[in-house]
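One letter stands for each residue in the lines below.
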Amino acid sequence: MILALSRTELTLLLRNKTAASLALAMPLLIGALLMVNGPSGWTFIIVLQLVMMLGFTVYMTVTTSLVSRRQDLYLKRLRTGEASDQVVVAGLLVPTVVLGLVQAVVLMGMSKIAGAPLPERPLLLALAVVGGTAMCCAVGVATSGITSTPELAQITTAPFFFALFGGAIWALVTDTVDYRVLLVPGGQVAELIKAAWGGPTDNVGMALAALVAWVAIGSGLAIRYFRWEPRS
Amino acid sequence: MTNPVIQVEGLRCSYGDFEAVRGVDFEVAQGELFGLLGTNGAGKTTTMEAVEGLRKATQGTVRVLGSDPLTDRGVVRPRIGIMLQDSGFPGDLTVAEMVAFWQATSSRASDAASAIEALDLAHRRDVRIKQLSGGERRRLDLLLATLGKPEVLFLDEPTTGLDPESRLRVWEVVRGLLAEGTTVVLTTHYLEEAESLAERIAIMHAGRIAVSGRVSDVLARQPARIGFDVPAGFDVGVLPMLRGDVVHEPSGRVEVRTGELQRDLGELLDWARGDGRVLTGLRANHASLEDVFHAVRADEKVMSR
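These protein sequences, in sequence, are chains A and B.
Those letters in the first sequence? Residues 1 to 232, per UniProt numbering, in order.
Those letters in the second sequence? Residues 1 to 305, per UniProt numbering, in order.
Next comes chain B alone, as it looks inside the complex (with noise of 0.2 Å):
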């Protein structure tokens, strides 16, 4: 990668005897966006933190934009935008207060009303911050971490706990701040927001990184899947010409895994065609990044049996 924003070599972070991140390695280049994924426990939040500079790591470099984000604090801090997993306000403040207190604090220059408004909090500026949702403070978490556009920005986990019309909000800032060339960082649970929004993904399992790429190449390692509802009188066997595993499933489903969906799922039409049937529910797809998520999962089952 040439001139990577964000280059993370060897990272290991402990808190006390137990190492939550063991030996971490990723580069994130200018303007892309790059979904750090992983179950609860997997050591995300604490990467995502030795990499803001919020934490010392115990071992291995972090460089952000060239420096060293803990020693450097003072020179990556203005170029960067942070916004935590958790993460508060004082309550007795208003949102326009909290929004005019962050502006002074920060170098960079901001037009709060536009940035109140992309947000949705436009008709709660007068309010103070104890009286919003959930969503509205998750919101205004945003709004601050984005407010004067950073180089580098952020977001741990910035859905969590989201209705589904704010969520699309959030993807709609980011995916404004992309274009300007933003360069983000992403953690979060749900699949789909990786799939959607990020350009390259790690997984993380157990402090390290189980699998990693563009989201198409990683996609494209596991097999495909082909699904239809059990004709009457099927029997596994009648299906030889397939590549993939067919597994008839307890539910009254035939599921077809596959390194070669468009071969298998040609083979299954001609069957289907010769036999003068008709599949209903017949469902074919690349890997979900969910079956990704728990081959990881089971990769680790097997080795740690």
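Isolated chain A (complex conformation) (with noise of 0.2 Å):
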């Protein structure tokens, strides 16, 4: 049942030319452009490229297309079908989690070819792309909740993106250990990233409990905020 959602789900996207785009084109496009004119070492292209997966792949497409198919009253339909409300949402998820990790192992790849080192504590990088995937996905379930049309998800998925990034570059250029980094989505991301690669493990632990928190709340908004129909 959760395969039929999900098979579905994955034509509808990939039959959007502007999701698709969004969801495949942009982040392998931005990936390959910053291996060309990437200055600043290969840590800081991984952690660019995957926290550009998390963004566009899974957080925006998340909030898009869930609001798009709440407009087509298709999730009024869903709901009438016997899967259960909760094998609806993650049915619908799949597809999109699916993409961003085929997206990380692309873009891993990529970078594997142009020269990039294999990761030192490759765990760090699954827990990293994992836990990220898992917040993006929460926040974006939430993040539809208060989106009334597709077009107006640009804005309201902006201060998430925007933060996600942020907290990004933030731990990409601070070295010492501030915790303030840790609790901006993104923050975590990459400092687990950096770590993966050798860098620092003193935050590991801090940045793994952030990751699970920003899980946590993501999920919390998800189930006070996802809405099955357009407000009338």
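Don't take each hint at face value.
What the hints assert, rightly or not - In silico lysine-lysine, DSBU-like type, Cα no more than 35 Å apart, as pairs:
{"hint": "1", "chain 1": "B", "residue 1": "K130", "chain 2": "A", "residue 2": "K76"}
{"hint": "2", "chain 1": "B", "residue 1": "K56", "chain 2": "B", "residue 2": "K149"}
{"hint": "3", "chain 1": "A", "residue 1": "K76", "chain 2": "A", "residue 2": "K112"}
{"hint": "4", "chain 1": "A", "residue 1": "K17", "chain 2": "B", "residue 2": "K130"}
{"hint": "5", "chain 1": "B", "residue 1": "K130", "chain 2": "B", "residue 2": "K149"}
{"hint": "6", "chain 1": "A", "residue 1": "K76", "chain 2": "B", "residue 2": "K56"}
{"hint": "7", "chain 1": "B", "residue 1": "K130", "chain 2": "B", "residue 2": "K56"}
{"hint": "8", "chain 1": "B", "residue 1": "K149", "chain 2": "A", "residue 2": "K76"}
These aren't lab readings, by the way, just hints derived from the structure by calculation.
Two chains, two separate frames, one set of hints: put the complex together.
Next up, the structure:
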């Protein structure tokens, strides 16, 4: 059942040119550009590539597609079927998550071919990608609840999107231990990726805890704000 | 009623401060079509949503096939079909893809090709849904709700906005399911739809059921009508033998509203024959659901005065 939901959702994502280019082309393109012009070392490039994937492919796609499914009254229809509410939402998220993970692999592969070293602590990289994806899904579901049209998603997604980037860049430019960085979404993700490529590991515990907290906050907001029907 | 398929007792539903459904009771027997009628805002859709398990009741109980449709959703849903009043499709899927997808999420076995055929969508099967007409979308709606022959089918205004031919097609499909034992709950604005399909009806008004029963009984409670064109030199006073009310309408018709149709019609015809008159435009009918509807609304006005 969840497979059928996901397959249909993937078809819809790929048939919508705007959504498809946002989810697929954008991060890969910018990721490639970063490698060509990247003066700042591989950690910098890889952090930005992965945060780009989280921001565009996961967060913005989840928000925009849920809003447009809701506007089409398609979410309302899915609720009349046999799938439970949780299965419906999960089924709609799966393709985005898979696309995000595939993109992470492709981006890593591109960097590897271009000469990037392999991570010294791959587990931390995996945790950063998985945790970041979970956070972006949860916050995306919540954001869809306060967004009335797919067009407005460009505005409503901006705060979290910039926090994600800002946090990552802040973490990249600070070498000293600054706990405030870890509170910003993106900050902990960047911290974990830095540690994966041989950076200091003092902050790893805190970063993981902050990431888990963000997933929990996002899920709480998602349950609170998610809506099945447009406001009448 | 022995073993009702649907039982609703003391149902109340509120949206914030507004109470849309204010104490509704009804039962639906296996294999019957129960019609829920009412004006806009009467509470029909809210009642339906509570019975379908899409809305939590503020008070009262709902049982569908012996279970609570909301808390036992996993047990009830596989056995029912729901057609909402307004529900949508992702426009980028084709008709055939949508049907195949719905089949894949359903535990009931079904034959997509014959379902598409039955609702006259075969020539549109590979067309994207966003290119369908309103009537075609509505038929696809019904197709999905009836896929795999559910035991209980909920139809919320299934024919609103359809052309007469599509409407007949929908009725045909619903009659086919009834013949196979499906229980149907239908809401509609169209009185002739309820008269033609429903065994029993309930007319809702302001969140309550104002009138309910078998269609024939509900109609029998309202006076029947006899009408004819006003003959030359006619005065209302010449018909004292009629038991019903005789009204000379400004439109040039005489309307008799009577609880004794056969008797008064006989008297009227005797009078006409005795007088050597021809009554042009003569009509005699039982009350229509429309009359019942108007009576419900008139009662409300009397009560609110």
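Problem set entry | List of violated hint numbers, smallest to largest | Violated hint (a single one): 3; every other hint is consistent with the structure.
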